[in-house]
Amino acid sequence: MKKIVVFVLGPDQPGIIAAVSKALFEQNCNLEDVSQTILQSAFVAIIIASMQDSQTEKEVLAALEQKTKPLGLFVHLRPMHAHIVHEQPASESFVITTIGPDRAGLVAGITEILAQYKVNITNLKAVFRGDPDPLHNIMYYEVDIPSSQDHRILRDALFERAHQLGLDITIQHREIFEQIHRI
Amino acid sequence: MITEREIIATLEMLKNENLDVRTVTLGISLFDCASDDVDRFISNVQKKMNRLASNLVEVCDEVGLRYDIPVVNKRIAVSPIAVAACGFSAEGMCKIAAALDEIASKLKIDFIGGFSALVEKGFTKGDHALIEAIPDALAQTARVCSSINVASTHAGINMDAVALMGKTIKRTAERTADRDGIGCAKLVVFANIPQDVPFMAGAYLGVGEPDAVINVGVSGPGVVRNAIDRARAANPKLDLGMLSETIKRTAFKVTRIGEMIGRQVANKLHIPFGVADLSLAPTPNVGDSVGEIFQSLGLKSIGNPGSTAVLAMLNDAVKKGGVFASSYVGGLSGAFIPVSEDLNIAEAARTGQLTIEKLEAMTSVCSVGLDMVAIPGDTSAETIAGIIADEMAIGVINSKATAARLIPVPGKKAGDKASFGGLLGEATIINIPNDGGSAGFISLGGRIPAPIQSFKN
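Here the protein sequences come in this chain order: A and U.
Last residue of the first sequence: 183 in the working numbering, with the numbers rising by one and none dropped.
Last residue of the second sequence: 640 in the working numbering, with the numbers rising by one and none dropped.
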C-alpha cells in the first residue's frame, strides 16, 4: 500500500466530492483524510488516500480527471512521503486574532513574525468584507507556540508588527474558547 | 478547530463589553501569627504575607496575558483581625491596620480586607477594640477595608452592634471629612457575611477557610447588557423568560472564564483554588453599568416601578448560570447596585428616579445591599443605625447576605455631589427622610432573636 495526496480546485457546485470519491473508489483507493472548504465561490479539497502498490499514480489521476473535467475542476495528485514530517517542539495552542482595515501585506506581515519565532500555523482564516464593522475584517490564526518561547517577547514582537500594519491584535490561549463556548 | 463565531463572540466580550476578571483575592489565615506582643504579631504577619503573596501581582498579570483578559485588581483577604489579634487595644489595632496597609503597598496589592469583626451574637474584647479603632485606622490607611457582621439568620440582629456601627460610621466620615468621608467607602456592615467574598469592602478570610486560598471575582455587567440588546435586536418578540435564559447563558460564559483564570493563578502559586464569585459589579465607566441592564429590559430608569422584579430576575439568572459553570461558586454571586460606582445608578439617584426606599426594596432581591450610598452629613448616628437595622432584617429573614455601606458626607446635604475617586466613583447625596425618628427604637439595644426559619436542625 502506498499513499497519495489529491488536491481538487474549482468553482463550487453540487457533486464535486461525489465525483472525486467515486473515481477513487473505482481505482480501489481508500480515503483516509478529507478536508474541504469554500472561499467565496472557490472550492478546494485535500484528500489523503491509500492505493494498491500494483496501480500507478498516473492511472488514478487519469480516472480523476475524466470524472472532474465536466465540472471544470483542476485536480493534482502526488505521492505522499510519510517520512517527511515537521516535528514541532512541545508547544501550546493559541489563537491569534487581528482586526483592522484590509490592505496588502497583512498576512505576510504577521506570518513573518510567526515564522521567525518558530510558531506553526495549524489553521488560518482571513475574512475581508470591506465592511465598516471592524469584526468583518478579521484574520484568525490557530497556532502552536513552542513552550520554550517567552510569551512576552513573542507578544511584543506581534504587537509591534500589528501596530505597523494598523491592526488590533489579540493572542489568547485556546483553552478560553473551549471554556466559554463548550460544555 | 475553533469556529469564527466562537472567536468573534469572545472578542466582543473582551473588546466592547468590558469583560474582565475584577479581582483575584488571595485569602491568608493569620491565626498562626498570634502573639501577645503587637510588634511580634505584625512581624509574623509580614513574614507570612511576603512568603505567600510576593509574586501574586506578577502571576495574575502573566495569566491575564495568556488569555488577554485583564485581572484588574489583586487583593488580599485576611482572617478577621478582631479574632487573630483579639488581645490588643484599639491602639494596637490601629498599628496593625497601618502595617497591613504598608505590606499591601509593598506587594502592590490594591486592597486588603479583613479589618473585620463578627459580632452578630455579641462582642469580645478584640471586637470592641477593633470597632473603636475603625475611624482612625481607615483615615490613616488607603488600602485597608473593614467589614463588621452584626447579624445572621442563626443569631438574629445584634442591635447593640447596629447602634455602635451607626456611631462608628459617623466618626469614620468625620475623620475623613476632607475627602467626602471616604473612610466609610471602605467600611461595610453585614448580615450573613460569606466567608469567601473576593469583593471589597467585604472580603475577609473566614475561620473555616484553609491557610491560604485563591478566590476570584468576575464581573461583566456590560457583557450581560449587550447580550440582552443583541438578543432583543435579533428577535423583538423575546419575552422575559427568554431574556432570563440569555442572561443565564451569559453568566455561564463569564463564570467559566473566572474559574479558569483563578485555577491557573492558584496552580502557579501552589495555593488551593476556593471559589468563583460572579457578581455584576459596575465601575464608573460607560458600558460597565448594572443600571443600563434595567434600561435594556424596558425600564426608563432603574428605580422605576418594576425595578425590584427586574433585579430579582437578573440576580437569579446570574446565580443559575454561575452555578452551572462552576462547582465552586461562592461569595456574593449576583448583582450589585452600588450607587456611586455606577454612572447610570448615580444618575437615577440624582434625578430622583431612585430613592432610598426603592433602593432598600431592591436590596431584598440583590446580592448585597445598600452599597456606596452617599447620605447627608448631618444624618444622625441613630438614623444610620435604623437604616442598617432595616437592611440587616432583610438579610436575616431571607437567609441571604445583605450589607450597608453608607457614607454620611460631612458638610454636604441632599442634592450635593460627593466624589470618592477611581472605582469608588461619585454620587449625588440622596435624601434621607424622617431623620430623628429612629432614636427611641435604637436606644432599646439588645438582640433581635433569630427568626423561626433558622431552626432547621
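It is possible that part of the hints are untrue.
Claimed, not checked - Simulated DEER-style distance windows between Cβ atoms:
hint: 1; chain 1: A; residue 1: ASN120; chain 2: U; residue 2: CYS269; range: 57 to 63 angstroms
hint: 2; chain 1: U; residue 1: ASN199; chain 2: A; residue 2: ASP102; range: 19 to 25 angstroms
hint: 3; chain 1: A; residue 1: ASP156; chain 2: U; residue 2: ALA492; range: 27 to 33 angstroms
hint: 4; chain 1: A; residue 1: ASN120; chain 2: U; residue 2: GLY489; range: 26 to 32 angstroms
hint: 5; chain 1: A; residue 1: LYS118; chain 2: U; residue 2: ALA492; range: 56 to 62 angstroms
hint: 6; chain 1: A; residue 1: GLN164; chain 2: U; residue 2: ASP499; range: 47 to 53 angstroms
hint: 7; chain 1: A; residue 1: MET1; chain 2: U; residue 2: ASN199; range: 49 to 55 angstroms
To be verified - What the simulated footprint calls covered on chain A by chain U, stretch by stretch (three residues with Cβ under 8 angstroms from a Cβ of chain U suffice, anywhere in the stretch; the number is not a length):
hint: 8; stretch: 1-10
hint: 9; stretch: 102-112
hint: 10; stretch: 136-150
hint: 11; stretch: 162-174
No wet-lab data here; the hints were simulated from the structure.
Note that the Cβ used here is the ideal one computed from N, Cα and C, for glycine as well.
We went through each hint and held it up to the structure:
Checked against the given bound of 57 to 63 angstroms, the beta carbons of A:ASN120 and U:CYS269, roughly 59 angstroms apart, stay inside it. The hint said 19 to 25 angstroms for the Cβ distance between U:ASN199 and A:ASP102, and at roughly 21 angstroms that hint holds. For the hinted restraint 27 to 33 angstroms between A:ASP156 and U:ALA492, the CB-CB distance of approximately 50 angstroms leaves it violated. Distance hint check: the CB atoms of A:ASN120 and U:GLY489 are about 55 angstroms apart, inconsistent with the given range 26 to 32 angstroms.
Roughly 57 angstroms separates the CB atoms of A:LYS118 and U:ALA492, a value that falls within the hinted 56 to 62 angstroms. The hinted window of 47 to 53 angstroms between A:GLN164 and U:ASP499 holds, with their beta carbons roughly 49 angstroms apart. A hinted range of 49 to 55 angstroms for the beta carbons of A:MET1 and U:ASN199 is consistent with their spacing of about 53 angstroms. Coverage of a stretch by a chain is defined here by at least three residues with a beta carbon nearer than 8 angstroms to that chain's beta carbons; for the stretch 1-10 of chain A and chain U the count is 0, and the condition is violated.
Look at the stretch 102-112 of chain A against chain U: 0 of its residues bring a Cβ nearer than 8 angstroms to a Cβ of that chain, fewer than three, so the hint is violated. Remark: the stretch 136-150 of chain A is confirmed as covered by chain U, as 3 of its residues place a Cβ nearer than 8 angstroms to a Cβ of that chain, reaching the required three. Counting residues of the stretch 162-174 of chain A whose beta carbon lies closer than 8 angstroms to any beta carbon of chain U gives 6, which meets the minimum of three for the stated coverage.
Violated hints, listed in ascending order, are 3, 4, 8 and 9; each of the other numbered hints is respected by the structure.
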